[in-house]
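Trainee: Residue-level listing of the chains:
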Amino acid sequence: MSKEYILKTENLGIDFGGLTAVNNLNLKIEKNQIYGLIGPNGAGKTTVFNLLTKVYEPTRGKVIIDGQSTEKMDLVAVNKLGIARTFQNIRLFKELSVLDNVKVGLHNQKEYSLVSAIFRLPKFGSAEKEIESEAMELLDVLGLKEFADFKAKNLPYGKQRKLEIARALATHPKILLLDEPAAGMNPAETAELLDTVKFIRDHFQIAILLIEHDMKFVMGLCEKITVLNFGEVLAYGDPDDIKNNPEVIAAYLGSDE
Amino acid sequence: MEKMKQLFKKNNKNQALSFLLVIVMYVAIEALLKTGNLKSLYTSMLVPVCCYCIVALALNLVVGVSGELSLGHAGFMSIGAFTGVIVSGYLSNFIGSQMVCFAIAVVCGAIMAAIFGFVISIPVLKLEGDYLAIVTLAFGQIIKTLVNNIYLGYDQAGFHFSFVKNTIELQSGGKMFISGPVGATGTTITSNFTAGVIMILITLIIIYNFMNSRQGRAVMAARDDKIAAQSVGLDIVKTKTMVFVLSAALAGAAGVLYGLNFSTLVPSKFDFNTSILVLVYVVLGGLGNMFGTLISTIVLVMLPQLLRALNDYRMLIYAVLLIVIMIATNNKTIRDMITGVFNRKKAEGEGE
Ligand SMILES: Nc1ncnc2c1ncn2[C@@H]1O[C@H](COP(=O)(O)OP(=O)(O)OP(=O)(O)O)[C@@H](O)[C@H]1O
Ligand SMILES: [Mg+2]
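For the record, the sequence lines run as chains X and P. So for the first sequence, my numbering puts the first residue at 5; every next one is plus one. So for the second sequence, my numbering puts the first residue at 51; every next one is plus one.
Careful: at least some of the hints might be erroneous.
One side of the interface only, derived from the structure: several residues of chain P facing chain X at Cβ under 7 Å [said to hold, decoys possible]:
1. G223
2. I256
3. R267
4. M270
5. Q280
Distance condition first, Cα-Cα at most 27 Å in a straight line; then the derived DSS-like pairs of lysine-lysine [stated by the list, open to error]:
6. K63/P / K84/X
7. K288/P / K149/X
8. K35/X / K157/X
9. K98/X / K288/P
Far from chain X, some chain P residues (derived; all Cβ distances over 12 Å) [claimed, not checked]:
10. D205
11. V232
12. M261
13. I277
14. I286
15. V287
16. M292
17. V295
Honestly, the hints are just simulated from the structure, not real lab data. Note that the Cβ used here is the ideal one computed from N, Cα and C, for glycine as well.
So here's chain X without its partners, still in its complex pose:
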């Protein structure tokens, strides 16, 4: 049986000098799947995201997105292929408004030329109208509509994380990577985020790969989970397998979680 995988890695790995940060990683993520990547601090989770999105060039192995190998591609090209992400250490366009942050995400979706922009040709007006309404829709999905005119840097921390999700969605990805989306949120906000992530998957029909330390969040959301430890896969399975896996429990107890 051959399944359609939206994202696959083959023996993916990277070394930083003498340190092997990720090794022998074989992920298989299906269309519309919500997939968890967990592990103790320093396990290499964020590094995996950086490999998938070509912030880092892998030392070994391959990444295949929607059937296409990303060898020789850069950050921009893999985004165009259908992968978008958020960052653990939030990277917003600080000086731009919340709305403009999302509009930047729509850059390649609704285009017009520099000439249309400078001379305000009709193309500019119609495209900008569509950009504005789609950006507002995305802000609405993440509950940020009333903050549209705020400068991104003036948003509270939790809302900044949500804005990163809206901006990533604006690029019309086939798979969305979330790096600790619930970090710094209180339990009520986390519960709300859980519903939002589910809604995003159902509404946009995309796969979601997420890193998260909040176990309730991960177990309540993910259909499949891979556990990393010291850059190697420690376990793989559905939430129940992972919860009861003694090695996983030991790894987490061993760390300072």
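On the provided structure of chain X, position chain P with the ligands as indicated by the hints.
Mentor: Below, chain P with the ligands without anything else, positioned relative to chain X:
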């Protein structure tokens, strides 16, 4: 009402103020000119002020909006100025209307500067770091030296060109456009204050339209966070090149305005000092703040003239004032005081 509020959102406020400033200044100065109340000392400054306003706005596009440093914008002015002198001198043989000659010269100067801007930005903007500053610094020097060695004349037989040494012998009725270090001489003056103001307004429209477009947003995004910008699919090299070329073109157009305002123009006018002066106007006016740039340029270009009476101490006082202004505009308490005054005014306005 909601529409009105939309119109005066922060970005738009800056925009409205800029246009208002230029138009009010124009009307006031025209009134003074008509009634003969403006000293000739200041009259001669009008076109240069317009020119520097345009260059400063253009440079702010690179420094403030795209976050790259250029130390050679005088080079683009130079290219524009001498291209303008040649084009307008040549066209005046066939076209009667000075205005048409001038307009064509401005377009040609802008295009020429844009071409140079494109060529030097290709290798540079691909690199990480402040290479643009280094390369534009060198570019400014190279252009100055280059123009210093160009001899170009025109007569019935067509254009005559020589490099380093003047070997041109023109037939009677011919005219030298550029004579090496002496520069352009005998230029017919076709620039004027009105043309300068119109060019500032066009520059403002171009810049604001750019900043409020998808290309403008992309450039500002890349400035704020490069990795994040690339992760949403922005081609950073392309957007930065676009801004730099646009800025070069505007600086070139400003150069034409300047060049056609004087019957003689030496190449050394557009040296490193000029580039740095314009950078000072930009930094003082505020990065990305076009209204601030207009104010600081007007004040700082006029200041040395106002201080003329002080003779030898002129540049000393200028420098001290510059430092005081820098400190004042960067000091939080003083800034809060100034914005406090503005906010009170606004609050009163809303009370009506
Ligand atoms: N650019 C880099 N250069 C050198 N070492 C790096 C680099 N990036 C990551 N590492 C190392 O790789 C290892 C994995 O880091 P990574 O950030 O991927 O961990 P993580 O699983 O995301 O941890 P956390 O839960 O704390 O976010 C760490 O030991 C880290 O120090
Ligand atoms: Mg991490």
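Trainee: Quick check: which numbered hints come out false for this structure?
Mentor: Violated hints (numbers, rising): 1, 6, 7, 8, 12, 13, 14, 15, 16, 17; every other hint is consistent with the structure.
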